[in-house]
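There are 2 protein chains.
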Amino acid sequence: MEKLQNELFRDYLVKKSGLTDVEWQQILPELKCREVKKGEVLVEPGVSFPYFFFVEKGLLRFYSLDKDGKEHIVQFAPENWFVGDRNGAYCGTPTEFWIDVLEDSTVIVLDKYFIEKIESISPSFRKANEGLLQNHIRLLQQRINMLLSATAEQRYLSFIQLYPNLTLRVPQWMIASYLGITPESLSRVRRKLAEQYKRKKN
Amino acid sequence: MEKLQNELFRDYLVKKSGLTDVEWQQILPELKCREVKKGEVLVEPGVSFPYFFFVEKGLLRFYSLDKDGKEHIVQFAPENWFVGDRNGAYCGTPTEFWIDVLEDSTVIVLDKYFIEKIESISPSFRKANEGLLQNHIRLLQQRINMLLSATAEQRYLSFIQLYPNLTLRVPQWMIASYLGITPESLSRVRRKLAEQYKRKKN
DNA sequence: CGCGTGATTGAAACCCTTCAAGTTTAGTGG
DNA sequence: CCACTAAACTTGAAGGGTTTCAATCACGCG
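Going down the list, the sequences are from chains A and R.
If you read the first sequence in this note's numbering, its first letter stands for residue 1226, the second for the next number, and so on.
If you read the second sequence in this note's numbering, its first letter stands for residue 1226, the second for the next number, and so on.
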């Protein structure tokens, strides 16, 4: 009994902002929904991409590529997350980041004007959206704090606690990239933790 | 010819959102302004502090203290910046961060409800505020990307480019803390850069 | 089955930290 | 205005956590 496209987005809005049926009926006709395949690239550096994605199902990833060709994952975007390049969406300038698809996904494509429109239709959405932005800032600050202060091991432990399900859906080397360490280091950290765990049991 | 208290906040709002005189007159009576002295602690871990600060003049700092007693600076807040614990302000939960005063400052103290009030008075403020939040997120993402990918030297170079005036107002060891390196490392980085610069000149 | 991708492991190298000492700077009170 | 002290910055040597590079192993998929 799978939900229709847009239904999940609706559920989300209702939950977060108490969106009413009437409001939803006004919004619905303009929603742009898109099915995207694993591996697809949605945003790439150099171009301005003035849209956000809301992930109904699946998993996206927001990352940069340094001059040595190494990837650095700034954010994962699983179900019920927004992701997008704020550069393009709000300043119209080209982005320096990539967004691509880690699992076959369905996303809702929103632009700045559409969000403003929902906000004018639904004041409660407006408020909820601001709360979301504040919360996003909070999470980013915590992440920065972690990158400033934590060792590889601490980073990994906090990651598996915060995003237990992602550890199953994402290859290890991507988690390493998210944590700011190499895949080799993560592998060693995991081995060390596993050994400690075993020793404790005996 | 110094500006009165609140005038700078007003200038800011006018510039960012085209606030009108009438709107300002409605907001003004409720503004809470505060003079704070260098060294004063405004927020500390364990308590919930549901306010934001807008810095009219001076410099604040938002940081954490790890279990070894080391400080990690998440954000500087010079003139025209907002700073506050999003935990307290939006969830009512206790914070894990400190905010203290680096230079004698005048700040405006805002709570969530006050911001909502300004937003209901001035739609343009509402829009501007959302833009500010988006921009803040953008900056935090860039910072994360830097912490994930850049060496000590690259971090410092990007810092002095982004915040040239802060390098004069903030002791070096705090910049090191912001960059996620030790003061000693920063000192060595600076020496190396200075030597390179000299060699280039000859 | 074989290929490619991801995970593991080892050894060496490297960047940064740590610790300790010395130098400079800035602030304060006599 | 100098003297004194504390804080900030510098410098060196040793150490440690991570990275790098290379090789090997494990697994899924065409």
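Take the hints with a grain of salt, since some may be wrong.
Which copy? The list can't say, so a pair holds if one copy fits it or any two copies do.
Unchecked claim - Calculated lysine-lysine pairs in the BS3-like style (CA-CA distance at most 27 Å, straight line): (1) 1352 with 1257; (2) 1282 with 1337; (3) 1262 with 1423; (4) 1423 with 1295; (5) 1417 with 1352; (6) 1240 with 1292; (7) 1342 with 1295; (8) 1282 with 1240; (9) 1263 with 1423; (10) 1417 with 1292; (11) 1295 with 1240.
Just so you know, these hints were derived from the structure itself, not from any lab.
Taking the numbered hints from earlier one at a time, note which ones the structure violates and give those numbers from smallest to largest. 3, 4, 5, 6, 7, 9, 11
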